[in-house]
Amino acid sequence: MESKDSLCTVERRGRVHLITITGADDHRLNPTRLAAIRSAVAASTGAGALVIAGEGKYFSNGFDTEWVRTAPSHLHATMDGTFRALVADLFSLPMPTVAAVTGHAAAAGCALALAHDAVVMRGSRGFLYMSEVDAGIKIVDFFAELVREKVPDAVARRDQLLRGDKMTAAEAVRRGIVDAAVDGGVEDVVEAAVAEAERLAARGWDGEVVAEIRKALWPKVWSKVKDHGAGPAAPRPRL
Amino acid sequence: MCTLEQRGRVFVLTLTGDGEHRLGHALISSLRSAIASAAEAAAKAGPGAALVTVGEGRFFSNGLDIGWAGTSRARLGELVDALRPLAADLLALPMPTVAALTGHASAGGFLLALCHDYRIMRGDRGVLYMSEVDIGLPLPPYFGAVLRAKITSANALRDVALRGKKVKAAEGKEMGIVDAVYPSAAETAAEAFKFAEQLAARKWNGGVYASIRMSMFPEACRSVGIVEESDEEKRKHFASKL
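Protein sequence lines, in the order shown, are assigned to chains A and B.
Quick note: the first sequence, position 98, residue 98 per this note's numbering, numbers continuous.
Quick note: the second sequence, position 16, residue 16 per this note's numbering, numbers continuous.
The hints are simulated quantities; they were obtained by calculation from the structure and are not laboratory data.
Take these hints with a grain of salt, some might be off.
Subject to a maximum C-alpha distance of 25 angstroms in a straight line, what follows is the list of computed BS3-like cross-link-like pairs (lysine-lysine) [unchecked claim]:
#1 A/150 x A/220
#2 A/166 x B/241
#3 A/150 x A/224
#4 A/226 x B/194
#5 B/234 x B/203
#6 B/44 x B/203
#7 A/215 x A/226
#8 A/150 x A/215
#9 A/166 x A/150
#10 B/173 x B/44
#11 A/166 x B/173
#12 B/166 x B/203
#13 B/173 x B/194
#14 B/234 x A/150
#15 B/168 x B/44
#16 B/44 x B/194
#17 A/226 x B/203
#18 A/224 x B/234
#19 A/166 x B/203
#20 A/150 x A/226
#21 B/194 x A/166
#22 B/234 x A/220
#23 A/57 x A/166
#24 B/203 x B/168
#25 A/224 x B/173
#26 B/194 x A/150
#27 B/241 x B/44
#28 B/241 x B/203
Please model the complete structure; the sequences and the hints are all you need to start from.
Next up, the structure:
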């Protein structure tokens, strides 16, 4: 099944709903691509776990600044809003999520990876890079909150955000930002992510409970994105 | 009290003299003035600057001038209040900051060191020491907030603040408090300067750099009195660059 404009593809592998951001380009996130990914995420109903991966050299190189340059300024908030909506969708997804960082992940691309429950990254190639300091772009609050909550170590966070360190998978694993480095090519990384997702799906967790626990673990990020997402299911009774 | 010199793109702020560099009204004012000059000079020169702070002699700073405060709680309160905007100046400074720890940093002095982006320390002697628990003084709220922002290992934070641990450089590195260790005071100062030069050479926009720094610990910024920019203002800045 392909999404509109073939910006990403979707397939099922066992219990895993695998979304691949397609194209030989650097997978910049603009409202169109973000909407396509959101559609793909919404199509995960019935799966046991979700993986988002990239094909080619890039996972995602961040927001589409070319698009922003030509779009009227009142639409800039739309891109921010659509990205928040995607993060909200991932946070409220009733299944474990794994990012397969198959290539470079920069700025919003890096944030997108961090918005998953687990991150596996290609060992031989590609950097995790919060490029904002080098690009001269200020970081909005929910973005900073996502990094604060997912990268709690002050030194790792400083090196990432304030020094713009380009981290290899090994470095990212050492600093606790990424869960595993995977040798080989893009397909090896995808397979490893799918295998991890399959293991998580095999735990048989109640998906709604997974989503509620996730929101409880990172409540500040959730509170800053929840009004943008697809909307919650009826809340489960709490014990 | 203190001097500011500019060497290329790096501003070197030196706490002068062989004493303890106790933070009283006069030294705090001098430091604030010097830091403001550095920021102003950097703004005129364009992107790419860095600050190194170093103390002459055996101390970086041994903390607030409690000798002056004596038994007066009012005076102690004044010093605590006076240090807060200096902490804010550092946390909001539009350039990277490096503390060259060639001597002891205790209490308010340790806090100042923590308000820098990086800490480079001599390994042969000298300690970082939050002495308050030992001398029977509570931590002002903004001290707690800065400690929480910069020391994120729960055990390290507990050891520093609740146990009054005297942290040497090598241990500080393991605790995530010290970034690099050098064998002597002279090497520490030289390497801190070189490191600052490398940071300045990245030519980061000062306003953006400060904004990103502050976004890492908004609670600490609020506690020292910094008002953070809104997302709306940040987006306008982005739009203006297109």
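Here's how the hints hold up against the structure:
Proximity of residue 150 of chain A to residue 220 of chain A is assessed by CA-CA distance (about 11 angstroms); at most 25 angstroms being required, the pair is judged to hold. Taking the CA atoms of residue 166 of chain A and residue 241 of chain B, the gap is near 24 angstroms; set against the 25 angstroms cutoff, the hint holds. Distance check on the hinted pair: residue 150 of chain A and residue 224 of chain A sit about 15 angstroms apart at the alpha-carbon level, within 25 angstroms; holds. For a cut-off of 25 angstroms, the pair hint linking residue 226 of chain A to residue 194 of chain B is broken: about 45 angstroms separates their Cα positions.
For the proposed pair residue 234 of chain B and residue 203 of chain B, the alpha carbon gap of about 20 angstroms is at most 25 angstroms, so the pair holds. Annotation: proposed proximity of residue 44 of chain B to residue 203 of chain B holds, straight-line Cα distance about 14 angstroms (limit 25 angstroms). For a cut-off of 25 angstroms, the pair hint linking residue 215 of chain A to residue 226 of chain A stands: about 10 angstroms separates their Cα positions. Distance hint between residue 150 of chain A and residue 215 of chain A is fulfilled; the C-alpha atoms sit about 13 angstroms from each other, no more than 25 angstroms.
Straight-line distance between C-alpha atoms of residue 166 of chain A and residue 150 of chain A comes to about 17 angstroms, which keeps the hinted pair within the 25 angstroms bound. Simply put, residue 173 of chain B and residue 44 of chain B have alpha-carbon atoms about 36 angstroms apart, too far for the 25 angstroms limit, and the pair is violated. Between residue 166 of chain A and residue 173 of chain B, the direct Cα distance comes to roughly 21 angstroms. Compliance with the 25 angstroms bound is thereby established for this hinted pair. In summary, the hint linking residue 166 of chain B to residue 203 of chain B is not supported, as the alpha carbons are separated by about 36 angstroms, beyond the 25 angstroms threshold.
Between residue 173 of chain B and residue 194 of chain B, the direct Cα distance comes to roughly 19 angstroms. Compliance with the 25 angstroms bound is thereby established for this hinted pair. Among the hinted pairs, residue 234 of chain B with residue 150 of chain A is consistent with the structure: their alpha-carbon atoms are about 22 angstroms apart, no more than 25 angstroms. Between residue 168 of chain B and residue 44 of chain B, the direct Cα distance comes to roughly 39 angstroms. Violation of the 25 angstroms bound is thereby established for this hinted pair. Simply put, residue 44 of chain B and residue 194 of chain B have alpha-carbon atoms about 23 angstroms apart, close enough for the 25 angstroms limit, and the pair holds.
Using a Cα cut-off of 25 angstroms, the hinted pair residue 226 of chain A and residue 203 of chain B is violated, with the two alpha carbons roughly 37 angstroms apart. Taken as a hint, the residue 224 of chain A and residue 234 of chain B pair is honoured in the structure, with Cα atoms around 16 angstroms apart against an allowance of 25 angstroms. Between residue 166 of chain A and residue 203 of chain B the CA atoms are separated by roughly 17 angstroms; this keeps the pair inside 25 angstroms, and the hint holds. Annotation: proposed proximity of residue 150 of chain A to residue 226 of chain A holds, straight-line Cα distance about 17 angstroms (limit 25 angstroms).
About 21 angstroms separates the Cα atoms of residue 194 of chain B and residue 166 of chain A, which keeps this hinted pair within 25 angstroms; it holds. Straight-line distance between C-alpha atoms of residue 234 of chain B and residue 220 of chain A comes to about 20 angstroms, which keeps the hinted pair within the 25 angstroms bound. For the suggested pair residue 57 of chain A and residue 166 of chain A, the alpha carbons sit about 15 angstroms apart, so the restraint of at most 25 angstroms is met. With a C-alpha separation of about 33 angstroms, the suggested pairing of residue 203 of chain B with residue 168 of chain B is violated against the 25 angstroms cut-off.
Among the hinted pairs, residue 224 of chain A with residue 173 of chain B is inconsistent with the structure: their alpha-carbon atoms are about 34 angstroms apart, more than 25 angstroms. A hinted pair counts as satisfied when its Cα atoms are at most 25 angstroms apart, and residue 194 of chain B with residue 150 of chain A does not qualify at roughly 32 angstroms. Between residue 241 of chain B and residue 44 of chain B the alpha-carbon distance is near 19 angstroms, which keeps this suggested pair within the 25 angstroms criterion. For the hint linking residue 241 of chain B to residue 203 of chain B, the alpha-carbon distance of about 16 angstroms falls within 25 angstroms, and the restraint holds.
Checked against the numbered hints given earlier, the structure breaks hints 4, 10, 12, 15, 17, 24, 25, 26 and satisfies all the rest.
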